[in-house]
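**Student:** Residue-level listing of the chains:
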Amino acid sequence: NAGVTQTPKFQVLKTGQSMTLQCAQDMNHEYMSWYRQDPGMGLRLIHYSVGAGITDQGEVPNGYNVSRSTTEDFPLRLLSAAPSQTSVYFCASSRGGKGYEQYFGPGTRLTVT
Amino acid sequence: QQQVKQSPQSLIVQKGGIPIINCAYENTAFDYFPWYQQFPGKGPALLIAIRPDVSEKKEGRFTISFNKSAKQFSLHIMDSQPGDSATYFCAASLGSARQLTFGSGTQLTVLP
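Chains L and V supply the protein sequences, listed in that same order.
With our numbering applied, the first sequence corresponds to residues -2 to 110, in that order.
With our numbering applied, the second sequence corresponds to residues 588 to 699, in that order.
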């Protein structure tokens, strides 16, 4: 099993550009989530999904969109990048009913100039 | 707003010492309290988790102590090793989807 994979590992964007961060898991987990990690702030939940076709907002959803058409994939879209979105982004997945046990990907380091 | 407050921000101990990391929460509806360990350049990984009806849980050298009345919980690392040097996050989960609210993290350094 590859677990949770994320692409790209690094990305530099200019303000106003859009892009999609990719996330895939091969563990057949129902739940998937996106977090951003900033120094001194821990990880903050952006969006999450409890199954294909079902998504919901987390703590910091503004400026981001998600969709989940399959169990395996959960892409995160930045609509119009801003310097405040410079961060490390982590995708995670978990089994239904055990959401506290999340499996994280290696992260994407995004810089917006 | 649901919050989990973590301290200290950083911690340095000698090999064999017992670092203690503390967390406090506000929302009594939280139903699981996991700890995650993160090494540089990697994603966090679950270390140990506890339910609020349990006062203590041990897994190897890692122990969670839970005080429900005080709404506090802590991580103790027995016989700490340089390989334990990492950032540790406490968290709390809520709801059927068990989404996590994380503390701000503690950077632990264990000196050889």
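Since the hints were made in silico from the structure, they are not lab data.
Be careful, since some hints might not be right.
A few chain V residues that don't get close to chain L, going by computed Cβ distances all over 10 Å [what the hints assert, rightly or not]:
(1) Q593
(2) G604
(3) E613
(4) Y619
(5) K629
(6) P631
(7) S642
(8) E643
(9) S652
(10) K658
(11) P669
(12) D671
(13) A678
(14) G690
Dumping the calculated DSSO-like pairs for lysine-lysine here, alpha-carbon to alpha-carbon at most 27 Å [stated by the list, open to error]:
(15) K95/L <-> K592/V
(16) K658/V <-> K95/L
(17) K602/V <-> K95/L
(18) K592/V <-> K644/V
(19) K658/V <-> K592/V
(20) K95/L <-> K645/V
(21) K95/L <-> K629/V
(22) K6/L <-> K644/V
(23) K645/V <-> K592/V
(24) K644/V <-> K658/V
(25) K644/V <-> K655/V
(26) K655/V <-> K602/V
(27) K602/V <-> K629/V
(28) K645/V <-> K655/V
(29) K629/V <-> K11/L
(30) K629/V <-> K655/V
(31) K95/L <-> K655/V
(32) K592/V <-> K629/V
(33) K644/V <-> K629/V
(34) K602/V <-> K645/V
(35) K658/V <-> K645/V
(36) K658/V <-> K602/V
Taking CB as the label site, the calculated pair distances span [what the hints assert, rightly or not]:
(37) K602/V <-> T108/L: 17 to 27 Å
(38) P58/L <-> P669/V: 38 to 48 Å
(39) G48/L <-> I599/V: 27 to 37 Å
(40) M38/L <-> E646/V: 38 to 48 Å
Built from N, CA and C at the ideal position, the CB exists for glycine as well.
**Student:** Hint check: K592/V vs K629/V, CA-CA at most 27 Å. Holds or violated?
**Tutor:** Within the cut-off at roughly 23 Å; holds.
**Student:** Hey, does S642/V actually stay past 10 Å from chain L on C-beta?
**Tutor:** Nearest chain L Cβ is 18 Å from S642/V, so the label holds.
**Student:** Per the stated criterion, does the least C-beta distance between K629/V and chain L lie above 10 Å, as a non-interface residue requires?
**Tutor:** Given a closest Cβ separation of 6 Å, the condition is violated.
**Student:** Under the criterion that the straight-line Cα-Cα distance not exceed 27 Å, is the pair K645/V, K655/V satisfied?
**Tutor:** Distance ~17 Å between K645/V and K655/V Cα, so the pair holds.
**Student:** Hinted pair, alpha-carbon criterion (27 Å max): K629/V, K11/L. Please report holds or violated.
**Tutor:** Holds: K629/V and K11/L sit about 25 Å apart, inside 27 Å.
**Student:** Against chain L, does A678/V hold up as non-interface, every C-beta pair farther apart than 10 Å?
**Tutor:** 7 Å, violated
**Student:** With a cut-off of 27 Å on the C-alpha distance, tell me whether K644/V and K629/V pass.
**Tutor:** Satisfied, since the Cα-Cα distance of roughly 26 Å is no more than 27 Å.
**Student:** CA of K95/L to CA of K645/V, is that 27 Å or under?
**Tutor:** 19 Å, holds
**Student:** Just want to verify: S652/V was marked as not at the interface with chain L; is every Cβ pair farther apart than 10 Å?
**Tutor:** 18 Å, holds
**Student:** Would the hint linking K658/V and K592/V be met if the CA-CA limit is 27 Å?
**Tutor:** 11 Å, holds
**Student:** Check whether the Cα positions of K629/V and K655/V lie no farther apart than 27 Å.
**Tutor:** Since the Cα atoms of K629/V and K655/V sit roughly 32 Å apart, the hinted pair is violated (cutoff 27 Å).
**Student:** Does the alpha-carbon distance linking K95/L and K655/V stay inside the 27 Å limit?
**Tutor:** 21 Å, holds
In summary, the numbered hints that this structure violates are 1, 4, 5, 6, 13, 14, 17, 22, 26, 30, 36, 37, 39 and 40.
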